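Please model the complete structure; the sequences and the hints are all you need to start from.
So you can see what is in the structure, the chains are spelled out below.
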Amino acid sequence: MTTLDTTFDAVPRDTARTGFKGRSSGRAVRNEIARIVMWASFLIAMIPLVWILGSVVVKGGQLLLASDWWTNSQRGITARHVGGGAIHAIQGTLIEAAATAVIAVPVAVLTGIYLVEYGRGALARAVSFMVDILTGVPSIVAALFIYAVWVTTFGFQRVGFAVCLTLVLLMIPVVVRSTEEMLKLVPNELREASYALGVPKWKTVVKVVLPTAFSGIVTGVLLGLARIMGETAPLLILGPYTKSIATDLFGGLMPTLPTMINTDRQQALQPAVDRVWAASLTLILLILVLNLAGRVVSRYGKVRA
Amino acid sequence: MSSLTGASAVDHVPDPSGHSPLGGARASTGRLGDRLFGGAATGAGLLVIAIVTLIAVFLLSQAVPALSRNGANFLTSTEWNVAGDHPRFGIANLLWTTVASSVIAMLIAVPLGVGVALFVTQYAPRWLSRPAASLVDLLAAVPSIVYGLWGAYVFGPHITGLQSGLSSVLGWIPFFSNSTGGVDSSGTIFFIGIVLSIMVLPIVTALSREVFAQTPATHKEAALALGATRWEMIRTAVLPFGRPGVISASMLGLGRALGETVAVAIILSSLANGTGWSFSLFNGGETFASKIANNAGEFDSPQKTGAFIAAGLVLFVLTFIVNAIARIVIERRKAFTE
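So the protein lines, in turn, are chains A and B.
Here my numbering is used: the first sequence runs in plain steps of one and ends on residue 305.
Here my numbering is used: the second sequence runs in plain steps of one and ends on residue 643.
FYI, nobody ran anything at the bench for these hints, they're computed from the structure.
Since the model is a prediction, treat every value here as computed from it, not as a measurement.
A couple of the hints might just be wrong.
[To be verified] What the simulated footprint calls covered on chain B by chain A, stretch by stretch (three residues with Cβ under 8 Å from a Cβ of chain A suffice, anywhere in the stretch; the number is not a length):
#1 340 to 351
#2 355 to 361
#3 424 to 436
#4 453 to 459
#5 529 to 543
#6 601 to 611
[As the list claims (entries may be wrong)] A short, non-exhaustive set of chain B residues, derived as facing chain A with CB atoms under 7 Å:
#7 Pro448
#8 Gly564
#9 Ala594
Glycine included, C-beta positions come from ideal geometry on N, C-alpha and C.
Rendered as structure tokens:
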């Protein structure tokens with residue numbers, strides 16, 4: 001692809017250099033304008049990225065350097081006071097993400113396997129269509145659904161686990177799609193070789209196909225986690241904030257970084273405002289680490305074709 | 306890698322060699338292990354179908370009782386009073402704000418996203434192409450609440466100049482009129498549209514990029530061999546080939562913009578109940594999603610909750626339609642490429 005591109009590049013430029021007058025100036029100008037527009041659109045797209053990351057680092061970077069931020073909670077600290085940390089929220093975010101992954105990954109990977117290895121005909125098309133629909137379900141609608149089931153129908157409290165269930169709905173389609181993508185990359189010859197040796201289909205999938213696609217699936221899971229960790233809408237409806245460390249998914253409140261941001265945001269006092277930006281930076285860093293990890297895994301463990 | 310955005314390129318691009326890649330449909334031996342594993346995989350697929358069905362069923366079953374008690378026309382009323390025995394609520398305002406802000410977002414994000422995708426696949430020097438793609442993808446890694454904060458406190462104060470400028474030049478168009486006096490505020494539909502456009506940009510770009518990269522080299526070579534400039538080559542070979550991909554990418558982006566919650570809830574200033582109708586984009590309001598999020602504290606009786614669930618159901622149907630269109634466009638393309 002890239003090598004081809006360079007040859008395309010050479011063709012029009014060489015004719016220009018030889019002074020061949022086959023191209024009217026209007027066409028040349030339009031070509032030049034198009035080139036400038038493309039470069040400009042890339043540069044314009046970079047403005048918000050740099051601006052967002054820059055302002056979050058400038059406004060929130062200071063607090064992250066203090067060791068308190070990574071070891072203390074906000075227990076007993078009001079909006080008026082400087083100090084405290086975000087460990088309660090970081091912990092809550094990580095616990096909820098982990099619990100979500102435990103539920104979502106098996107379902108999603110199996111669905112991916114179904115779509116690629118087993119699914120034929122109308123049912124497979126229906127599943128694929130439903131995955132698409134699930135991809136498009138807004139997080140607030142997923143949260144309302146879980147609210148309607150968990151709170152209205154069963155009468156349970158709003159707890160961390162209800163948030164996890166919502167996040168499961170949001171994570172499944174991401175992991176299904178990436179698993180599918182990776183399984184399709186596994187060369188058919190590998191499967192055929194396995195079948196030729198008399199290995200049953202399920203063992204072929206478990207011992208040959210899945211290990212070959214493993215790194216790709218891990219990447220998909222990490223990217224899925226990155227997506228759900230930043231979700232705030234389900235937390236607004238199902239996961240009220242608290243300032244203390246909480247580890248129980250089934251009872252009591254579970255603080256998370258997005259709800260910490262959202263709660264402190266409503267304070268006008270400077271210490272709270274500083275914590276808002278610091279918590280934002282922490283959340284971005286967590287998501288970036290997962291994204292980078294996903295990319296590294298996919299770079300160094302490409303499907304061996 | 307578009308996994309970040311949840312959209313799969315493989316799903317959208319036919320297998321290059323044209324054959325169904327995965328045989329072995331009859332390799333299953335019917336032994337216990339095979340039946341168990343195949344059953345589990347099928348079960349997971351059925352579970353996904355069940356989940357989506359349940360979402361629709363539950364939202365419907367909770368919305369219907371509230372709707373039947375509703376004293377106002379649900380579709381055309383602009384009122385929103387859900388308390389008491391005689392609730393009156395309608396979604397006209399919510400629908401307008403949601404659609405208007407998303408349309409603004411798409412008007413900005415689609416041309417820009419296509420431009421960026423063309424830049425990455427056709428124009429960028431080789432060393433820049435991959436990093437540029439990753440940088441745009443990074444925009445998808447910023448959580449929406451951070452977009453909200455940045456929009457409200459950092460970007461927002463700079464937008465009022467543009468708004469009053471637009472309003473004084475184009476004020477005769479109802480959309481740009483300053484009839485509600487909102488040009489000096491950053492909590493407007495216009496501004497949230499701009500922020501949404503940044504949020505959907507990575508989605509539009511990621512998918513467009515993948516389709517443009519799939520343009521058959523022969524098409525491009527043919528255009529160049531006929532003496533086309535690079536831009537003419539793109540216009541005659543790359544863009545027509547990629548059009549269905551761009552449409553479906555836009556639809557996926559639109560779905561995202563329609564359902565975006567927290568950024569909208571933070572940035573958009575909500576209007577007092579009973580404020581008159583206005584077409585002005587320099588006006589506050591609430592989208593379906595932000596209305597639900599802003600009032601999450603009010604979910605204390607099933608009837609109040611039902612009203613919000615009814616709003617959520619409309620949002621669900623809206624995104625369902627948009628995504629289904631995206632799907633149909635992709636399927637049609639599959640049928641006649643190769």
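(message) Going through the numbered hints above, which ones does this structure break? Give me the numbers in ascending order.
(response) Every hint satisfied by this model.
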